[in-house]
Amino acid sequence: MSAVKRRDNKNRVLRNGESQTKDGRYMYKYIDSNGKPNYVYSWRLVQTDVTPQGKKDKPPLRDLIKTINKDLDDGIYSKGGEMTVLELVKKYVSQKTGVRHNTEANYNFVINVIAKEDFGKKRIDRVKLSDAKGWLIKLQADGRGYSSIHTIRGVVRPAFQMAVDDDLLRKNPFEFQLATVVVNDSVTREAITRKQERQFLEFIKNDKHYCTYYDGMFILFKTGLRISEFCGLTIADIDLQERKINVNHQLQRKRNMEYVIEETKTNAGTRLVPMTDEVYECFKRIIANRKKPKVEPMIDGKAGFLFLDKNDMPMVALHWEKYFQYALEKHNKIYREQLPKITPHVCRHTFCSNMAKAGMNPKTLQKIMGHSDIGVTLNTYTHLDFDDIQKEMQAVCNA
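Start counting the sequence shown at 1; every next residue gets the next number (the working numbering).
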């Protein structure tokens, strides 16, 4: 005797695992990859069915079944999709141990942003390509800058890739070019001209308050040191006899005010930087006039830092950034000829630009700057203006 076939309220034959509840909703029971029973529901059996008014629209049951069966065949763990975006990112970050404090701060920043967003509560298996793009567009519309969005995506994309690699998802919805979705509104920190550099340094030298920082600012303009490398310099790193700066670490201060010594940004960052005569004189004055604290601060075995604050602790990047900011504001209040934004990083970029304009060999400049990629150095040469190109062409042709 043949088994009686189950039918729905439209007299359609239901397949194995399919059923219909008393309220008309369709249900499918299946065994997941862990051997546990699971259920999916939909108000529609097939595509042509209409969702009852007031009920949540979902794909028809048989479309859901196709996806489930394909996931099971491919080993995709369907229940993993119930993890939220925030949970996924936290799991990804938890596996990143031994990172630098700047990287750790970036991770915490991203987690805090996602925790405040409705997107963070979204199940990862329901995040589509359009959802990922829409969220980043929303972040920019809410006032987030391009660099912040770049940082956020830089964490979320590998987190979703981890979910793909763990067979929780089939595709990574964040695999797209960021610049095709949000506008790059970040302001490029341009080098200032030689005239502007001289004007600023002359103002610093003659100002009763900011003259204290003249030697430090001059060194930043004339060596191309990263500000964290400069702040980390100790007396032992300054070889006045050989006139060279030994750059082999950097000083950072965490948000909790903890001071740490870290390796240079890249392996190429560990380098020897030669001193010009003027830089040599600056270091001589700095060491001679260095503050003598009651207790010499020691950070991770390093002591003898060149600049100390009012608490007899080493000055950090934030100190110098503020000195530049306030000095520039004072200059622009006094003089009609306004100077553009000048920061420690602008000093570095200005030095690199000046050396390129002077015709320094790109490989030599790469070594001095501590660039791991020659492409970063060569980008400076592409920023030369027409006058620079014209002079270079005339010099080559007349050689």
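Among the hints, erroneous ones may be present.
The calculated DSS-like cross-link candidates involving lysine-lysine, where the alpha carbons are at most 27 Å apart (straight line), are [claimed, not checked]:
id: 1; residue 1: K310; residue 2: K330
id: 2; residue 1: K121; residue 2: K138
id: 3; residue 1: K244; residue 2: K208
id: 4; residue 1: K36; residue 2: K10
id: 5; residue 1: K205; residue 2: K341
id: 6; residue 1: K222; residue 2: K5
id: 7; residue 1: K91; residue 2: K5
id: 8; residue 1: K322; residue 2: K310
id: 9; residue 1: K5; residue 2: K116
id: 10; residue 1: K116; residue 2: K36
id: 11; residue 1: K284; residue 2: K322
Derived by calculation from the structure, the hints in this document are not laboratory data.
Bear in mind that the values here come from a model prediction, so they are computed numbers and not experimental data.
Status of the hints after comparison with the structure:
At roughly 22 Å between alpha-carbon atoms, K310 and K330 fall within 27 Å of each other, so this suggested pair holds. A C-alpha spacing of about 16 Å is found between K121 and K138, which places the hinted pair at or below 27 Å, so the restraint holds. For the hint linking K244 to K208, the alpha-carbon distance of about 30 Å lies beyond 27 Å, and the restraint is violated. A threshold of 27 Å between alpha carbons decides the hint, and for K36 with K10 the separation of about 31 Å lies outside it, so the pair is violated.
With a C-alpha separation of about 18 Å, the suggested pairing of K205 with K341 holds against the 27 Å cut-off. About 87 Å separates the Cα atoms of K222 and K5, which puts this hinted pair outside 27 Å; it is violated. Restraint check for K91 and K5: the C-alpha separation of about 46 Å exceeds 27 Å, so the hint is violated. Between the alpha carbons of K322 and K310 the distance comes to roughly 15 Å, so the proposed pair stays at or under 27 Å and holds.
Only pairs whose Cα atoms come within 27 Å are accepted, and K5 paired with K116 is rejected, the gap being roughly 51 Å. For the given pair, K116 sits about 34 Å from K36 by alpha-carbon distance, which is inconsistent with the 27 Å threshold. Proposed proximity of K284 and K322 is supported: the alpha carbons are some 24 Å apart, at most 27 Å.
When the structure is compared with the earlier hints, violations turn up for hints 3, 4, 6, 7, 9 and 10 and for no others.
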